[in-house]
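S.K.: Chain by chain, the residues run as shown.
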Amino acid sequence: MAMIEVDKLNLSFGEGAEANQVLHDVCFDVGDGEAFGLVGESGSGKTTVLRCLAGQYSHWSGSLAINSERLGRKLDKARCRKLQMVFQDPYGSLHPRHTVETALSEPLAIHGITDASRRIDSILTKVGLPTNFRYRYPHQLSGGQRQRVAIARALILEPRILLLDEPTSALDVSVQAEILNLLADLRKQEGLTYLLVTHDLGVVAHLCDRVAVMQQGRIVDLIESASLVGAVPEHPYTRMLVEASRHYSREMAEVGADLTPAEAV
Amino acid sequence: MTTTTLPAAACEQTPQSSAQALRQNLARNLRKLVRNPLSVAGLVVIGALLLLAAFAPWIATHDPLAQDLANTLKAPDAAHWFGTDEYGRDIFSRLVYGSRITLYIISLVTVIVGPVGLAIGVISGYFGGWVDTVFMRITDIFISFPGLVLALAFVAALGPGLDHAVIAIALTAWPPIARLARAETLSLRKADYIVAVQLQGASATRILLRHVAPMCLSSVVVRLTMNMAGIILTAAGLGFLGLGAQPPVPEWGAMISAGRRYMLECWWLVAMPGAAIMFASLAFNLFGDGMRDVLDPRSE
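Top line first, the protein sequences correspond to chains A and B. Each residue of the first sequence is one higher than the one before, starting from 7 at the first, in this note's numbering. Each residue of the second sequence is one higher than the one before, starting from 3 at the first, in this note's numbering.
Same shape as in the complex, but just chain B (with noise of 0.2 Å):
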């Protein structure tokens, strides 16, 4: 029998169990990402934002609902700490309540979007041939409408309402994933690991999920983090156009819509829902950067 020497490379302790190597992976990548202060600060935001929306009862000063008629259009001081709206209502609670909206859209999106996407690019890639042409057709409608004109077309067949508006962003926002997500799988259905398992008697099924997903799933991450910041701005825009959440929901780009009409004398009704929106977006494509730099099969 051969024997074998250990790398001198072995610089991490073999793992003695596969949690001990799910845990030293994990930790590998969170060092990765820390090393990058901006994604850290990008984490951050979401993190404020996130403990922002759970807390949010607590946190604001205010009801935001509550209109207050004799204190409309106040500028920003110690009560109203961003000011009060047309009907005085306190615009600093209604942007913390917004943030249960925004991440509301956000998550739920990226939920849909994500599967769908990863499912329709894998199966499409994987599989070739006529399955291939129907699904990449499919993707070609979808992305050749600009994304919030279809929105509109979907929100105006379905009616306004925050949950068809989330029908309509998920809609236009899958195509992009899916042709990522597709040509992930090209590049990998032909490597030697897949081939591998074909010829230990996979099935399709089998391989898609445990072998081809895995590898085009932190690609698509990094992509759906990055179209966070898309969502928000598709919801904002929708919801200027009044499309989206209803009033008197607080909804972030329905407050700047509102606000538009006093724009020019009461500058804190459009700068501050406009500023919460940038910050997030931001956030997210900062954090989003991040993550492909600890994600990416070819950075390693």
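Only chain A is shown next, with the shape it has when bound in the complex (with noise of 0.2 Å):
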């Protein structure tokens, strides 16, 4: 069954002849329990399909479904219950001046949830921090244990789906492993749906089930994951990003800026 579905979404800004439509036709589904990666190059609307299903443009076109139930324009309380995002900058996604244990009970509070202090002392523990780091400040925090705390906030609520905007891509290495291990350990225990933005290859074949590849504000092909390590994939802008992310090359380049969405699909 479909966690997430996209249907002919379009969104564009500005208006009459100045538009600029920035997704074409994006459609999609994501399985329950499913792990679906969006990649592409910056600009190809990756996080802009994210911040749809977030609610936060509301003059898109199309249709877009959470759990069979049609999505408004407007984000509702119930849609937050559902699904919650994290964000690719954990420095900048943290109210610098609320303290770890404001962050995490303030959902609670919007939502009229009790017992908040045994909530958060266990969201902690799920996100691998110590329970005595509540009343910190994010300065006081490193950037790892700072997307930590913002994991704690999206789960917090409980959500079934997890949207995740490039959540490593501003870590170091080291610390981007144990931040996609947790996700994927947190998927697994929780059975979250996940929707993974980003342009970092490694990290879909890690985490993902289905990747769909965007080029230019559309879908350009829709492959597992699997065969981004092994096989030679067919479409060929995912054959260039490929390669791209196993080596860089002068005329690959060159062949990428001609390769438009117009002869790739």
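The hints are simulated quantities; they were obtained by calculation from the structure and are not laboratory data. What you are looking at is a predicted structure, and each value in this text was computed from that prediction instead of being measured. No residue lacks a Cβ here, since even glycine has one placed at the ideal position from N, Cα and C. Any given hint could be a false lead.
As the list claims (entries may be wrong) - Pairwise CB distance ranges (calculated):
| hint | chain 1 | residue 1 | chain 2 | residue 2 | range |
| --- | --- | --- | --- | --- | --- |
| 1 | A | Leu228 | B | Gln22 | 46 to 56 Å |
| 2 | A | Gly197 | B | Ser109 | 52 to 62 Å |
| 3 | A | Gly197 | B | Arg139 | 50 to 60 Å |
| 4 | A | Asp127 | B | Leu211 | 50 to 60 Å |
| 5 | B | Ser205 | A | Ala190 | 33 to 43 Å |
| 6 | B | Ile145 | A | Pro136 | 48 to 58 Å |
With the hints as a guide, bring both chains together as one complex.
M.R.: Right, dumping it as structure tokens:
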């Protein structure tokens, strides 16, 4: 059964002749408990898809559904209980004046959930932080610890879906692996559905089951993530991305520039 | 499960309660403030001003309103430290009592201007669109009048008096605060932590009160402290023009105004209250600078 259904999602900014369409008929489904990756170069619209799902943009057209319920344009509290987001930059996603405890109890207060203290302790343990971290300010935490707090904040409302916007790209390589393992463990334990946006194919191969490749606002390819590692992908753009992730060469950059989506589709 | 290591940078002891976390934060800010000798000097003068106002009856050597026509226009001596004015009133005692009026004006204006400016700026910056347009045009109208002239107009309409002076100063002092808060809010409203709390289902009121306003508060507090110097000067200016505190209230600006007639022969009539005004506004300026070093989020 599909947990997230995105059907013919279109989004443009600006009006009339100056309109800049950033998403073109984006369609994909993510199954319950699946980890689905969205990859592509910068500006390909991956994060925009996440932000549409997260209710940050309301002027999209098409249809978005979670658990077979169509989403409205406005963000409502029910949607907040179903899906949460982890941001790219752990230095910008935590309020600098709020302690860990304040950050974690805020969603509970908004949704009128009691026994905040016990929940905060249990969620901190779950993301691998000592419970005495709850009185720290973000500037007293390292990047990896901040990202753990951000994950804890996303999970404290017990959502079924986690939208991950490049959750590791701002972190050290060593910490990246810790966070990826944490995310993989949490998914296994809680049966979460992940929608992961990244440009790091290694992250996708580690975490995801299926991958959609985006280029200039379109999904150009949909493949099993296993095929990113071993096999040579069929689609030329996907092949280029995979090649690029292995090594860099001048000819490839030039080929990539010529490869417009029109040819690719 | 993955393991976590403590960062080496955790030099401070991990706080065990929210009260302790708050205390550590305060102590850190206080240390930063004390590191700057000029702001400490400002703080000392402000502290002295507060003590002077609080203990005025014990510090003043004479009754500030008692006239002594046998002793008019006396130069400073042992009995009258700062001399006497044209009615024989002791200038030192009048300055001491005058500090109460100055602090009254400053605190009242700040209490009105801070919340009003912050609220208007934050609402206008967060919601944008027509709300922003309406609020900012109103702000523009107020900001385009010279402060003292607008204050004069209000006092002229309402009648002279201390409270009317306060209202008049407050009316001219909020627009810069609103602009500042709006600019801060504009830079914050797309921040990930605001998006995160929106995604948690927080209402606009909650976001503004608990997430946006605290971030704007520091620059607003700094601006308010700096403004206090200007408020002292405007209040003195209104007093000087006879539109603020009315005689015989010992308001510093009014004292200068009254002493102007004897200025050439009796310098102390103008110099003493003038020095008081200068030191008070200088102290607030220095303290404001120190506060900026401590509170500016960009300096962290």
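S.K.: Looking only at beta-carbon atoms, does the pair Ile145 of chain B, Pro136 of chain A fall within the given range of 48 to 58 Å?
M.R.: Distance hint for Ile145 of chain B, Pro136 of chain A holds at roughly 51 Å.
S.K.: Can the suggested window of 52 to 62 Å be confirmed for the beta-carbon pair Gly197 of chain A and Ser109 of chain B?
M.R.: Because 58 Å falls inside the window, the suggested range holds.
S.K.: Can the suggested window of 46 to 56 Å be confirmed for the beta-carbon pair Leu228 of chain A and Gln22 of chain B?
M.R.: For Gln22 of chain B against Leu228 of chain A, whose Cβ atoms are near 52 Å apart, the range 46 to 56 Å holds.
S.K.: Could one say that the CB atoms of Gly197 of chain A and Arg139 of chain B fall in the range 50 to 60 Å?
M.R.: Holds - the Cβ-Cβ distance for Gly197 of chain A and Arg139 of chain B, about 53 Å, lies within 50 to 60 Å.
S.K.: Range first: 33 to 43 Å. Now tell me if the beta carbons of Ser205 of chain B and Ala190 of chain A are that far apart.
M.R.: 35 Å, holds
S.K.: Determine whether the Cβ-Cβ distance between Asp127 of chain A and Leu211 of chain B falls within the hinted range of 50 to 60 Å.
M.R.: Given range 50 to 60 Å: violated, Cβ gap about 27 Å.
Checked against the numbered hints given earlier, the structure breaks only hint 4 and satisfies all the rest.
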